[in-house]
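Chemist: Here is how the chains run, residue by residue.
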Amino acid sequence: MEHSPPQFFKRGPTPLIRLLLCSLLSIALLISDARYGYLDAMRQSVAVIIYPLQRLAGAPRAMLDSIGEFFVTLNALRTENARLTAQSLRDAVSFRKYAALAAENAHLRDLLAARQRLPESTIFAEVLYAGRDLFTRKIVIDKGRQHGIKAGQPVIDQIGVIGQVTRTYPWLAEITLITDKEQAVPVQNLRNGLRAVLGGTGNDGLLELKFIPLNADFQNGDQLVTSGIDGVYPPGLPVAEVSNVERNAAYPFARITCTPLAGVTSHRQVLVLNSGNTAPERPVEPPKPERAKKSRRGG
Amino acid sequence: MQARDITLHEILLPVRTAFIIFTFVAALLINMLPWSGWWLAIKPDFVALVVLYWCIQQPRKVGFASAWLLGLIMDVAEGSLFGQHALAYSVLAFAGIVLHRRVLMFTLRDQVLHVLVLLLLNDAMVLAVRMLAGAGFPGFSYFIGSLTAAALWPALCFLFKLPQRPAPDPDRV
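Here the protein sequences come in this chain order: A and B.
The numbering of the first sequence is the numbering used here, which starts it at 1 and goes up by one.
The numbering of the second sequence is the numbering used here, which starts it at 1 and goes up by one.
Chain A with its partners taken away, still in its complex shape (with noise of 0.2 Å):
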């Protein structure tokens, strides 16, 4: 190598050190945003850079559905609207009584005096598409930070939740699904009130009870809806129905798989509930024990 002459053409670094060099880089980078998260200020940039090219992707599927929605017919128009009359008669009851009871149970929370829950805004919103990473489950909805979503709102469809804004930008926002393999749900069972941990399975439609003694009450056919002691999803929303419960004593805990009830994978309108934070501020931790131990070892 020494000895070859000069070369004709400069052509700059070879590419191994370029290779070097851009590697470097990319490791940097993946090290400072998987460990410190420094880098939302760039991804934000490169955000709004990228939105009009993410918009422009979506149009061609808003375009079939509008040309869709323009050739249906009429007879399917008159049975839907039939179905919604009916319907609407229906929750038109059921909303009456909800009214009642919900000044009832006002009146007695202020008798009481327990906390008033927050009445829930909710913000609307459609899929843009679904992340297209296999290693997680995720979403992408048209509404951001100028909508006023935040990271850490629960998203709803007209079942039940679906999961959890995680990221946000100015006109988009990322949302985990609770099937996602580090989401966790902290859930209720309707039919005797045990509280679990949901976690997902990072497989579309499973999910799985965390930490289940072997001998916890769950059979198949339970429903989970969130317990709300996490102060991030209002309780009693519907989540989950358990599927399978395997007990094996070889293992400390039970094997509860749940299916879940809202429309994980298959929606394209959701609501991005904005709770307000009711949770009361996490009690100030007890001194650490150091005191006691260097007492001990004066003494």
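List of simulated lysine-lysine pairs, DSS-like, C-alpha gap at most 27 Å:
{"id": "1", "chain 1": "A", "residue 1": "Lys-150", "chain 2": "A", "residue 2": "Lys-181"}
{"id": "2", "chain 1": "B", "residue 1": "Lys-61", "chain 2": "A", "residue 2": "Lys-10"}
{"id": "3", "chain 1": "B", "residue 1": "Lys-43", "chain 2": "B", "residue 2": "Lys-161"}
{"id": "4", "chain 1": "B", "residue 1": "Lys-43", "chain 2": "A", "residue 2": "Lys-181"}
{"id": "5", "chain 1": "A", "residue 1": "Lys-210", "chain 2": "A", "residue 2": "Lys-181"}
The hints are simulated quantities; they were obtained by calculation from the structure and are not laboratory data.
Since the structure of chain A is already known, use the hints to place chain B on it.
Modeler: The following block gives chain B in isolation, referenced to the frame of chain A:
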């Protein structure tokens, strides 16, 4: 043999930078389409394919900088870890630039095999980064995208060379 001669000795017009940028934007756009279900399972990474194509065809024009920047854009678009695609595309660009003379010696059919291995390498890089970051193994179906991408290689070569073909000469028979 004849087909090989044609691909080897074809005289093409110089490629225009605007066309390269256009193909990159188009690849990003196709990657961002709302893929779902089976289509998502077999979806090739078009950006990786296009980066590899230009690194093999025009290693003097397209190199690490564009590959790395496209990787960053893909990371933001997919909401994945920052730098994961940037790293994978840099390695892909390196492989393409180092091997470009060798790959172009072969016929289109044999090029597909080279491209397949390089794209699998790209996938393996992403997989390694994700698994180091704590994700589980998504199964071997993860690599199907590379197979379809490699299968698209001949069509891609044909399409991308169209603007470089000289207009047919009316004086020649």
